[in-house]
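Peer 1: From just these sequences and the hints, can you work out the full model?
In order, the protein sequence lines correspond to chains L and S.
Read the first sequence against the numbering used here and you will find it ends at 137, with the numbers running on by one and no gaps.
Read the second sequence against the numbering used here and you will find it ends at 595, with the numbers running on by one and no gaps.
Keep in mind the hints are simulated off the structure, nothing from the lab.
The C-beta atom is built at its ideal place from N, Cα and C for all residues, glycine as well.
Incorrect hints may have been included.
[Unchecked claim] Chain S side only, calculated, beta carbon under 10 Å to chain L, not exhaustive:
1. P515
2. V518
3. S531
4. Q532
5. S538
6. A548
7. S574
8. A592
[Said to hold, decoys possible] So these bits of chain S aren't anywhere near chain L, every CB distance computed over 12 Å:
9. E489
10. R524
11. A550
12. V570
13. A588
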Amino acid sequence: MRRRPVADDLSDIRGATAWVVQQVAGADILEDVRFNIEVCVEEALANLIEHGRAATDAKDIAIAVDADPDGATILVTDRCLPFDGAAAPTLDRPTRGDMRPGGQGLRLMRAFASELTYRTIDGRNELTMRFRSPT
Amino acid sequence: MELVIEEGRSGVTQAALVGRMDIEGAQTIEEPFRVLTRLRRALVVDLSQVSFMASMGLRTLMVGARAQSELGGRLVLASPQPNVEKVLKESGIGDIIGVYPTIEAAAAAITA
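Peer 2: Laid out in structure tokens, this is it:
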């Protein structure tokens, strides 16, 4: 997989997302799926940068990509305190009586990724997001 | 990300968002959009030139819609591209704010 480090700074997310799009460009990924990838990459990185707490001295965030005709796999790694975004409860959808502005990131990731898996190995967290192309 | 404001007929203000409503884009227009939603009482947000939206973009829209609601006004969305509409639907925010296929339909809904 090709890998790119990501700075612990929201301003690096656009560049990281553009890098992912560049990596999958040659794999004939449909625009619809590419859009889903971009949303999930932004949400996963924003979550780590805004809410992640480094387990030791640095978050050490990185993103890796593998694409093929069947779809793409995105691996986001970090050394924050573990947070399983694949299993954590999502907030209820807002309503007219509860127009709270935030809390939609996890919902979008679960809706737009075909599969999300999370594990921690030797202090390194791995969020794997799989995006399957429609058959 | 740009915010282009146009005063329409019947007291409806049209605000066109242009660009990527990702974190960077949402941060760029957050303040002018917030001010706009405090100054107008009928606002159609034209999304036809928004190519991308994630949760920070949704947040910006929701903050604006809530401000309008608190002031007795109304903000609605018009002409989203299919993928942006998908984000609005999945989050449930489209159902709350109101999404219309054209600017004319959105303006008519506000003034009805």
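Peer 1: Which numbered hints does this structure break?
Peer 2: Going through the list in order, the structure violates hints 1, 2, 3, 4, 8, 11, 12 and respects the others.
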